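Letter by letter, the chains look like this.
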Amino acid sequence: MDTREPVEIFLIEDNPGDVRLTQEAFKEGRIHNTLTVVGDGEAAMETLRNRVAQGKPKPGLILLDLNLPRKDGRQVLAEIKADPSLRLIPVIVLTSSAAERDVIESYERNVNAYVTKPIDIDEFLAAIRALEGFWLAVVRLPG
Amino acid sequence: MTGKADTASTPPLSVLARSSPWADRNRLAFAAALLAALLGVVVLIGWLTGQQALTSPGPGLVAMKPNVAISLLLLGGALALSQLAWLPGHLSGIALRNVLSLLVLAIALATILEYVLGQSLGIDQAFFREVPGVSTPFPGRPPLAVALALASASLGTLLLGRRWRGYHPSQVLAFFTASVGGLVFLGYAYGAQELVSLGANSRTSFAAAPGLLLLSLAILAANPRHGLMVQMTDPGPAGQVARRVGPAALLVVPIGALVRLEGEKAGLYDAQLGLAIMTVFEALVLLAVGAWASSRILSLETARAEASRDRDRFFELSSDLILVTDHSGRVLQLSASWEPAIGRPLQEMLGRSFVEFVHSDDQAETTRRFEDDVVRGSGVSGFQNRYVCADGSCRWLEWTATADATRSRVFAAARDVTEQKGAAETLREASLYARGLIEASLDPLVTISQEGKVTDVNRATEEVTGRGRDELIGTDFADYFTEPQQARAGYERVLRDGLVRDYPLTVRHVSGLTTDVVYNATVYRDEKGELQGVFAAARDVTEQRRAAATQARLATIVESSVDGIFATDFENRIEAWNPACEVIFGYSSAETLGRPAGMLAPEDSRAEQSRRYALARDGNPQVYEAFRRRKDGTTFRAQLCTFPMHSSDGAFLGLSTIVRDVSEAYEARERLRAYTDELARSNQELDRLLKERDEREAVLREQAGLLELAHDAIVVRGFDGVIRYWSAGAERTYGWSSAEATGKITHELLATVFPESLAALNQTLLEAGSWEGQLGHTTRDGREVVVESRQVLERDSQGRPTAILEINRDVTESVSAHRRLEESAEELRRSNAELEQFAYVASHDLQEPLRMVTGFVGLLQRRYSNQLDASADEFIGFAVEGAHRMQSLINDLLAYSRVGTRGHEFEPVDLNEVVEEALINLRVAIEESHARVEPENLPTVRADRRQMLQLMQNLIGNAVKFHGDEPPEVAIGARREPDGWRIFVRDNGIGMDAKYHDQVFVIFGRLHSREAYPGSGIGLAICKKIVERHGGRIWVESAPGKGSTFWLTLPDARRSLGGHT
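Chains A and B supply the protein sequences, listed in that same order.
Here the first sequence is numbered in my numbering, starting from 1 and rising by one per residue.
Here the second sequence is numbered in my numbering, starting from 1 and rising by one per residue.
Treat each hint with caution, since some may be false.
When the alpha-carbon atoms are kept at most 20 Å apart in a straight line, the in silico SDA-like pairs for lysine to any residue are as follows [said to hold, decoys possible]:
hint, chain 1, residue 1, chain 2, residue 2
1, A, Lys-27, B, Met-852
2, B, Lys-265, B, Ala-192
3, A, Lys-27, B, Val-583
4, B, Lys-631, B, Glu-708
5, B, Lys-961, B, His-904
6, B, Lys-995, B, Gly-1017
Note that these hints are calculated values from the structure, not bench results.
Keep in mind the model is a prediction, meaning the values are calculated, not measured.
Just chain B, same shape as in the assembly:
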């Protein structure tokens, strides 16, 4: 067992290197290189400042050439810099080193070339100029040996780390450089001028020797893993010998030689004695050094033997299973713990491949790991495999192994982890099971670190985000929600409160789709209770939300439905009642809920309702029309749609019913049917009318010609008054021809005088559709005419006014006639009034003189008759009679005038009473003539009572008076007419010829002598006037000897003609 094997169970190299006194070769190389460079700097400063003390160490000594100093500086600097780790990139340090080395090599080779060619290339004084002297045949040119040493050193630097056929060229070159330096040093030390100049005619400066030695040391130390330095740094016996014997040999031999030489020079002894002393001294020193090295080796060996025993003991006592094999896996050594561990004697395993004892299932993997990772790689740690015990059972071993490449050894240590493995396996299985559950979960699950990064997800999370597990882990969890702020707020709440429940969020799928979720999340901690992160479980509530939204939408539909919707339970009791039901039935939901649905149907519909209920319950949705009853007891025709409701497990829950009041719709339908029938009839009628129209069109065409024949002026004008049609009648009326009038403005052409403004007329036309009235027009020849105008608005099929049809009738003549009539009527009224006034005044004023005449003639007759002669008596008789007649005439005239002026108010008058009174007044005349008067039942009329009496008295009096030989028979009667009463007084008297029928009603008109029939002849005139005042008419039907019938009419609506009433 070597020393290296002792500690081989762990990677050894860096540990060994760190424990060596030469461990930090970088530092040694750096220091040597830096010193060489400093030496160059010092010499160069001397050259720059011209100070001899710096260029040469003592008087008479040769100064170091500038090129040598530059080379020391460059090469030392290069080696020092390449050791500095802080240079930007190690490679660039090496590159810089190579460039500087090449520069130095170039200088050295140029110098050598100068020696070979025997001529200057200008390199010697390229930087500094040296004053030529005796010892300097080529000023500034270093000696050949120095140039060669520098070339060797620079080449060695360049080739640092390179191998060539098992050798390291840089070391050989470094040795050469060191040899030159050493010879120069000894030359100065022993005073050997040959050595100082080294066969050349120029001398080497003293300072060049340490410079070259330092460079050599730097090159050697820079490569500690190879060549000399390996031995020098070896901690074992080799290193002990090398580090002790080497320096001793290097120091003792030259120093011994120097002492002998100086002694001989000083004459202390001769050459033989000197040689003997020197040999003894050197032998003793070397012996002492060798003994020191041996004792050192001995103590090392003792320690090693103890370590070996410890190791063996360790092998025996270690509970770990330790194994040493060669590179093929053959067991070289194994700890005693193996025997109890796998129940096999150690001897059984020694010398055999360890793989043989590995469980066959693990052999392939074990072999692979051994060869790939242990032998050729950096080792394995934590590798587990199963070993087959002697009893056939298996033990789980966990391995740590490493190989010693140089010595074909593999060191391995194992622990029996069967128990842990069992636990771990259980744990792993449990973990796998849990993982399976997690992966199987339909809910997206995620763990989040304290920093808010996703640490694990399950498949559901991958699906809901559309991203792979690898993609998700390590990213900010909040990025996968539509509202990251809200997500983070929820996360912070979990950290604060320990958990959240039903936290709503929306996950964003990579495709842009979103999923509504609610999260339940808790913090989770490790076994020490340290907060590790958050475990969050989401539940996809998109469907729930959708369902809830659908539910809400449905509820809204039900609530806002115009149709009544109600539900009944399995006993047909009302369970739900929407607002439309309240409107339709008048019941509030409070009045209906829980009550039987029978309340909604009138008595005679309940059986039908029950039948429908049963049908719907049995799975037959019912759509039907029936009468339903409102709260106020009225019924209406309802359209009902009833269908059963079932729970999710199929149990019958009740009925849902949609109800619509279709009374109006029903009526509308009935009306529609009626309309349809009517329409069919109308169509037939229309067909008939169309036929008729065809016939009529022919007629119309004729009528169009007739229009031209019409006397009336027929004008069609636009609303703007522009004439479009001008009939022949218009031509005749106005004198303008159709060609002249068409296109003119009507009222301008005819200088129309309107009774109202044209605008008002048009407005009337628009509103009423027609207008009638009189217009003043001026004809072409300047004559003013008055027309009775009838205007009609024409509209098109859309009802827009299109034209005005104007039919004007020339009424100029009738208007003037009417005016004349009115004038004469007025004249008549005036003259009537004057006549009445005259009659009144005359009768009054005539009374006085008349009374004088009658009075005194009467006195004459009374006192002087028979006292004068017979003639006087006769004269007085005539005077008295004339006076009496005069008085009678005046009275009649007065009565006649009073009919108009002294009338009374009209009042209901019973003509039966009037006739009765008249008969009383006429009693004497009736009795004298033995007349028979037989009135029928007469009506009551509205009239002037006194005038009625006078009328009847006059007529009856006349009937009694004008009789022949027969006693008078008078009939009085009345006949109802549409507008009043017709009354007659009929007699059997003398009658009259038709030519007198009008004359009898004229005042003072008489047909008979006063002697035959006394009277003033004013009675019928008064009758006529009375009847006319009552709005009626009087006439007589009579013939001589046939009697007379006087007729008179009394209209119901009577208007007095003049006078006051």
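The following block holds chain A by itself, in its conformation from the complex:
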């Protein structure tokens, strides 16, 4: 176990099943982290901007579903990457869509990674573990 400060992961997802599966997957992970879940795009942006406004710590990683109520995940991605105070936070689209169009659009909006949720639970867990290991352990991000 690592002694470092736990990393805050921002999960923007409206489906409770997916939220739970994701939480379960991170529980089995080796890196100490805290998972903050926001149910819609509007609330997610509000929370993020409040944090910035109040000088509170920003999340270390954002997992974004594309199909969100109130504010679409694509819009959320665009706003984050357009905000100089938020754009450095790595954003990973985690969605059930495997549509080419969605993949391209996301990368055009400067997403850091696009991951289709595997249907098989084992594969899903493996995918989350890989994300965790890569983004929280391997990658050096600006401090």
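Place chain B on chain A using the hints.
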């Protein structure tokens, strides 16, 4: 020699008459007659006015009777008028004279008759009434003597100029009248009353005496050539005596008698003494008159003798040859000049006929002229003849001769004109020669006077005008030209400039023919240099003009000839080159003239050209065909006609060549020959066809029956739409019988619905000859039918449209079937699209719940297996497996739907690469089953690459998967077909029964349990859909245990079926 002979060498009479004091007898006669008439007028005025003084000269004297005065007036007037030359025609003056004389004669005779019969005839007082008196027993009647004298005078006037037995009656009658007048005069003078009354009881008026005397004088003087007047007017001694002695006797005797009588009456002497005195006086007077006459005669004779001497001297000295002969030609006298002139002594000629000395050739003519013209005529002048000299030579003499008819003398004078004659003869000969030349001239020559009249012409002129010389001379020269104005203008130019040259005119022949001439003309003058007229020489240029015109025509022909015409000289160098040559050869004349003709022939034809040249030069015109060369080096087939040219003296000048480009003609000829052959073949063919036709006609007759059997409606209509033929098929199709339809208008009968206007349809028929399309028709029972109509325009042999053949097939059924088919196809497309949409949406929307199920069932299995009871673990196992199968089905369904909706653009795809990739993807399955996959070389096709991969992967996967005990062996290959590729995937697997061959391609169709052969059963359905999207077909050949072969086709021209590409 008489006086007349003295001057006889010239016509003497008029000269003599003019020299006589009485010469103008007319004037004397006129004066006497006029005085008599005036006397009558005066007396008549007296009678008219009643003045005695005018009717009688003195008191007591008897008045002149009115009839006498009238007679004096008439007769005097008649004689006076007849002398006037200015009366219209002398004859009419004489006629008037005769009429008046007859009138007077009638009066006189009537008066005489009154005396004879002793009773009045009423003539006395016919004009004037005289108061009867003592001296007038018959008032107004003249005395008998006066009446007789008047009768005599009037008769003498009437007979004036007549001869009777050598006498002149008028003179005798005039003497009678004069005697009466003289007696009356003497009666008054001597106082002898017997004489005054002349035996009658009425007295004669005094005035009647001069009246009668004047009339007598007028009658005598009116006829001077005869009787008394001849002597009175004679200039010679006779005239001298007559003119002197006559008047003297007439005057002296009465006057002497009167003086004696008056003296005796006065008592100066007695009768005897008176008689003696009178006799002496009269004798002395007569003697004196006779002496005067004698002296006059003497001086005349002296003058005559001198004249005679002069004449003799003249005869001796005259250089002219003078000759006097009698009427027979005997020489009486001749001048001395004769002797030297002809070398003969005068004596030799005297007394002999002059004709003897005339040249024998001229004697006949001389005699004729002497007798006809000299003796009996008025003389000759300019007559020439030859006299023979003593030495035998001849002299030419030119004569002037005249005869004295009364004295039988011929006076002749001649000049020796031998020298002139010689000159004249020379001149005449020269003139004749010149004339001969002129006449011989072929050119028309003419001389024209200053007035423009023709003065002379030659024979050529006669010929060119067709008119005789006499006809031409004296006429206007300009009349003989077609353009007289131009002729006159030329004439005036000659007069102005002295000459003209080459003046063109056209002479008109009397027949109307014309001759073109050019005139050279000059003025000509006499020896004094006076302008006489114009001499004009014409040259007939008709031939020249014709020749020039011919030349010009020939030149034009050459210039305008379509054939090339050129000439070469004796060295075969080109001398002439017409425009056609320029066209044919391409050389301009400047490029050819003077150059050898060899340039016109190609190299290999030059020898032949030279040979032809030599042949033509030797007089053999050449007509041949040969190749010739143009300027641009190309050759052409030429037809040449070459013939030699010679000068008029026969020298060879060169060749003239006519050339024609006959390339086309040659080809045409060749073509024609080919056509002819073809025609011959065609004829044979035609014969054969004719035979066939006969056979076919029989067939056609059968076919005509077949037409009736045809199902199609066959209609023949005119351009106006009128139906002419209506087949049984038409009856069946439309319900109208042939009898009902024939003659109707098609589109009216059938209520035709045209896809385009009828006019446009007809236009198409006219232009293209046929039309095809669908028409809507209504049948007799009101049913609407659709026909497939084919219409053909029929034309007659001249190409005129005659009819339209219309074949209509009822396609109502097939049209509706087609429409239904289209509707269902549309329905299918729609449902396909809906199905795809459904599949897509379903697969997407099914994913979420499925993931929840699999996710949490998976977590259950992961975390709670072996913690619950065995049944729970089994349930969880089924749930996980069901979730997985569900996920597999959804994925397959999604893939299937994506074939239509998520396809890619077609591109060239190398199937070898595709198969290679598929084998990589299938590596695990292949290795596990120890399969052997052997692809042949495959083609590159135009296709959706990803779908091709999916297709091949599915087929190969199936081939590997469905194997029996043996390891799978898979063969992949391709076969070329006409319209694409046929590709197969063959295996040695389990195979299938034929009844499943279709079922395997149905979605989710399965033949085997999932346990034996796992899979969703959608793979072949996807394959079928992919192949169909590429326009191909897929099927399977298989039997159980025999393996399977999947065939699919990929056509070259592929059409996607629905969806986007």
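Tell me, which hint numbers fail for this structure? Violated: hints 3, 4 and 5.
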